[in-house]
Amino acid sequence: MALLKTRIVAPSLMLQTSFRALRRPNLSHALLSLSRTISSTSPAAHPRSPHTLVDWRTMAPQDISKYLRQTHDKVFEHNKAWAAEKCSKDPEFFAHLSAGQNPEYLWIGCSDSRIPAEQITGLEAGDVFVHRNIANLVCNTDLNAMSVITYAVEHLKVKHIVVCGHYGCGGVKAAMTPKDMGILNPWLRNIRDVYRLHEKELDAIADEETRYNRLVELNVMEQCRNVIKSASVQKSYAENKFPIVHGWVFGFHDGLLKDLNLDFEKVLADIQKIYNLTES
Amino acid sequence: MKTDQDTFLYALSSNNAWAGYKAHQNPDFFPKLASGQSPPILWLGCSDSRCPETTILGLQPGDVFVHRNIANIISPTDINTSAVIEYAVVHLKVKHVVLCGHTACGGAAASLADTRVGGVLDTWLTPLKAVRAANQEALDAIRDSQARIARIAELNVEAGVKVLMANWTIQEAVRERGLEVHGVLFDIATGRIRDLGFGTKPGGGAGAAGEEVRGRHAQLVFRGSNASMAAK
Ligand SMILES: [Zn+2]
Ligand SMILES: [Zn+2]
Numbered sequence: 001m002a003l004l005k006t007r008i009v010a011p012s013l014m015l016q017t018s019f020r021a022l023r024r025p026n027l028s029h030a031l032l033s034l035s036r037t038i039s040s041t042s043p044a045a046h047p048r049s050p051h052t053l054v055d056w057r058t059m060a061p062q063d064i065s066k067y068l069r070q071t072h073d074k075v076f077e078h079n080k081a082w083a084a085e086k087c088s089k090d091p092e093f094f095a096h097l098s099a100g101q102n103p104e105y106l107w108i109g110c111s112d113s114r115i116p117a118e119q120i121t122g123l124e125a126g127d128v129f130v131h132r133n134i135a136n137l138v139c140n141t142d143l144n145a146m147s148v149i150t151y152a153v154e155h156l157k158v159k160h161i162v163v164c165g166h167y168g169c170g171g172v173k174a175a176m177t178p179k180d181m182g183i184l185n186p187w188l189r190n191i192r193d194v195y196r197l198h199e200k201e202l203d204a205i206a207d208e209e210t211r212y213n214r215l216v217e218l219n220v221m222e223q224c225r226n227v228i229k230s231a232s233v234q235k236s237y238a239e240n241k242f243p244i245v246h247g248w249v250f251g252f253h254d255g256l257l258k259d260l261n262l263d264f265e266k267v268l269a270d271i272q273k274i275y276n277l278t279e280s
Numbered sequence: 001m002k003t004d005q006d007t008f009l010y011a012l013s014s015n016n017a018w019a020g021y022k023a024h025q026n027p028d029f030f031p032k033l034a035s036g037q038s039p040p041i042l043w044l045g046c047s048d049s050r051c052p053e054t055t056i057l058g059l060q061p062g063d064v065f066v067h068r069n070i071a072n073i074i075s076p077t078d079i080n081t082s083a084v085i086e087y088a089v090v091h092l093k094v095k096h097v098v099l100c101g102h103t104a105c106g107g108a109a110a111s112l113a114d115t116r117v118g119g120v121l122d123t124w125l126t127p128l129k130a131v132r133a134a135n136q137e138a139l140d141a142i143r144d145s146q147a148r149i150a151r152i153a154e155l156n157v158e159a160g161v162k163v164l165m166a167n168w169t170i171q172e173a174v175r176e177r178g179l180e181v182h183g184v185l186f187d188i189a190t191g192r193i194r195d196l197g198f199g200t201k202p203g204g205g206a207g208a209a210g211e212e213v214r215g216r217h218a219q220l221v222f223r224g225s226n227a228s229m230a231a232k
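Residue numbers (this note's numbering), protein chains in the order written: chain A, 1 to 280; chain B, 1 to 232.
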């Protein structure tokens, strides 16, 4: 499987970004309000562009403090100004959340308790439609996940679909354990199939943890393919040039997301040789 | 105006800020996460973007094992949900299973409409259609459409809890180690969770001293007809 280095740059589609900050009185303890404030910033509020991410791990402690204080001060300022502006323009802004949702992302992730989609991405209530299952699998005959994709694409018109796996996934490890796991068998079998598709590459990795980590990545890429095989994604992309499908992996050791740089248009073209469900 | 690409990069860049903040605030945070999970709660909820479970509960990464689908439907033969339940109850030994519906649910609204939703969705929503058929008169009597949607969401939770209580794995864990099953409703307009009183403690635990679900940084308290969140 080719992990192309080029990040897909979407057509010049202009979208409204919706960074809503939902204020709930019962969620106002310091930690949450702080992380909420971080999350309600726009990319411009970060001191560097996402392409030159600051690596806080290589900083001296006093520099980290300074960096965080600066980013937070900035973020607070932006947030205050933004909230005040929203309220002055539309006093009902925060009440509108109950009127409907308009998320731009569909997140397909693992059920693992350590990966709450909204918190790790800094996205707000209302920003991301979420499906989470064991080992972030997307199976053709699973009406549960397929219903989520259909609803998100056709009814909510999400712009991005993210399949997010994580290193050290218990589901992936369980799938490769020689053991009868009852009702888990039919579900976890899909991961063994991913291994079989990439048997040579995986067998060549001597270190067990490295091999599992690679299987986690390959599983994410395979599930991205399965998302792209769906009729709703193919039809919507032909018509609207969205959604775009991305494969990410979350690492517990540093809390960072890794983009596997799926070349969406190329994968889509490859897939449609056999799985084309559009009438073009 | 922002480009599509900006929207996408936003999530990645704010993840970087979040990771930096968390690690700075508590250097043990990520090493601890990497060492494994033992969440006290299995959350079964709706995919709706307005119901971020860990945030709603005021909990932290590591506290809540999560499955979210369209309209939080618990279908007995759905392998996806069944695998989640099996993994959470048998392998992670969660102490609470919380099935959460919510007000203004799009799936609930769709089940009250008389039009096809399309694709695989109509098949998925069949259990909810059955709930509607079984309660047609009572639902018709509700004049306000949002109130009717909230009511079918409650009935859906009740039906889902019945399916959970009939699940062999859950039954065994309830008997052997006191696993608790709760049915709750999240009110999007107020941000509050209400215990509907279905499950292992019928009647919403009325008169009971209250049940606490402890996370690492906060706890979910079931008391009387209410469930609330308290920070530690
Ligand atoms: Zn996992
Ligand atoms: Zn819903």
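Worth flagging that the hints you see were computed from the coordinates, not collected in a lab. The reader is advised that the hints may include incorrect statements.
What the hints assert, rightly or not - Here are the computed lysine-lysine pairs in the DSS-like style, where the Cα-Cα straight-line distance is at most 27 Å:
(1) K273/A - K229/A
(2) K162/B - K179/A
(3) K157/A - K241/A
(4) K129/B - K32/B
(5) K157/A - K129/B
(6) K241/A - K229/A
(7) K162/B - K201/B
(8) K173/A - K129/B
(9) K266/A - K200/A
(10) K173/A - K201/B
(11) K200/A - K229/A
(12) K162/B - K95/B
(13) K201/B - K95/B
(14) K241/A - K266/A
(15) K93/B - K32/B
(16) K241/A - K173/A
(17) K179/A - K201/B
(18) K235/A - K179/A
(19) K157/A - K258/A
(20) K162/B - K258/A
(21) K173/A - K95/B
Stated by the list, open to error - Facing chain A, a subset of chain B residues (Cβ under 8 Å, in silico):
(22) F30
(23) Q37
(24) H67
(25) R68
(26) Y87
(27) A109
(28) L112
(29) A113
(30) T115
All C-beta atoms, glycine included, are put in the ideal place defined by N, C-alpha and C.
Each hint, compared with the structure:
no.: 1; hint: K273/A - K229/A; verdict: holds, 11 Å
no.: 2; hint: K162/B - K179/A; verdict: violated, 31 Å
no.: 3; hint: K157/A - K241/A; verdict: holds, 11 Å
no.: 4; hint: K129/B - K32/B; verdict: violated, 44 Å
no.: 5; hint: K157/A - K129/B; verdict: holds, 24 Å
no.: 6; hint: K241/A - K229/A; verdict: holds, 16 Å
no.: 7; hint: K162/B - K201/B; verdict: holds, 13 Å
no.: 8; hint: K173/A - K129/B; verdict: violated, 38 Å
no.: 9; hint: K266/A - K200/A; verdict: holds, 23 Å
no.: 10; hint: K173/A - K201/B; verdict: violated, 35 Å
no.: 11; hint: K200/A - K229/A; verdict: holds, 25 Å
no.: 12; hint: K162/B - K95/B; verdict: holds, 18 Å
no.: 13; hint: K201/B - K95/B; verdict: holds, 14 Å
no.: 14; hint: K241/A - K266/A; verdict: holds, 14 Å
no.: 15; hint: K93/B - K32/B; verdict: holds, 19 Å
no.: 16; hint: K241/A - K173/A; verdict: violated, 36 Å
no.: 17; hint: K179/A - K201/B; verdict: violated, 35 Å
no.: 18; hint: K235/A - K179/A; verdict: violated, 40 Å
no.: 19; hint: K157/A - K258/A; verdict: holds, 25 Å
no.: 20; hint: K162/B - K258/A; verdict: violated, 40 Å
no.: 21; hint: K173/A - K95/B; verdict: holds, 23 Å
no.: 22; hint: F30; verdict: holds, 5 Å
no.: 23; hint: Q37; verdict: holds, 5 Å
no.: 24; hint: H67; verdict: holds, 6 Å
no.: 25; hint: R68; verdict: holds, 5 Å
no.: 26; hint: Y87; verdict: holds, 5 Å
no.: 27; hint: A109; verdict: violated, 10 Å
no.: 28; hint: L112; verdict: violated, 15 Å
no.: 29; hint: A113; verdict: violated, 12 Å
no.: 30; hint: T115; verdict: violated, 12 Å
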